[in-house]
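Asker: Residue numbers (the working numbering): 1 to 157.
Calculated directly from the structure, the hints in this document are not laboratory data.
Source: prediction; values computed, not measured.
Backbone N, C-alpha and C define an ideal beta-carbon position, used for all residues, glycine too.
Each hint should be verified, as a subset may be incorrect.
Claimed, not checked - Label pairs and their in silico Cβ distance ranges:
no.	residue 1	residue 2	range
1	Q151	D87	30 to 40 Å
2	D70	L114	23 to 33 Å
3	G99	A10	33 to 43 Å
4	I97	A117	34 to 44 Å
5	P118	I97	15 to 25 Å
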Amino acid sequence: MQASAFDEVAFFRAIADSGVRALLIGRRALIALGLPVMTRDYDFWIPADEAGRFNDALQPLGLLPTRTPDEARSHGRYIVEGDERVDVLVARAVSTIDGVMVAFDDVWSRRVLLPIAPGVEVAIPSIDDLILTKKFGARPRDADDIRWLQQLKTLSS
């Protein structure tokens with residue numbers, strides 16, 4: 001049996017064309033910035049009221065949600081899966097492990113658009129905001145990622 005080829009450009013184009021305010025977070029955002037990390041999935045942060053449109057955008061690609069938009073809003077997270085796995089954070093704001101509230105609208109206003117292919121861009125948080133999103137959890141790899149991001153920030157300034 002042959003594995004199907006996931007079309008990452010079509011994936012990002014579908015999200016961009018949907019008009020959903022979707023921020024690529026997690027290690028895929030670090031990879032998009034050129035950092036040498038690996039991951040198996042995609043992580044997005046979206047506003048709660050945009051879960052339905054996000055799901056609709058990905059359905060033609062064979063990516064199906066594990067929760068309805070209402071369930072996603074009440075749980076704060078869900079997964080969209082098919083050939084790839086997409087973890088979706090659904091929240092207006094999230095607290096870091098040290099108690100800092102991070103609001104989606106604030107992060108969105110400071111987003112960076114990275115070109116993926118001609119006419120296709122992906123929105124990621126600024127480096128400072130990516131560091132904050134890495135503080136949503138307390139995994140050892142998040143601490144490693146924060147160090148990578150701090151080094152990148154130093155090189156960029």
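Asker: Next step is simple, just say for each hint if it's right about the structure.
Answerer: Quick rundown of the hints versus the structure:
no., hint, in the structure
1, Q151 with D87: 30 to 40 Å, "25 Å, violated"
2, D70 with L114: 23 to 33 Å, "32 Å, holds"
3, G99 with A10: 33 to 43 Å, "40 Å, holds"
4, I97 with A117: 34 to 44 Å, "35 Å, holds"
5, P118 with I97: 15 to 25 Å, "39 Å, violated"
The structure fails hints 1, 5 (numbered hints given earlier, in ascending order).
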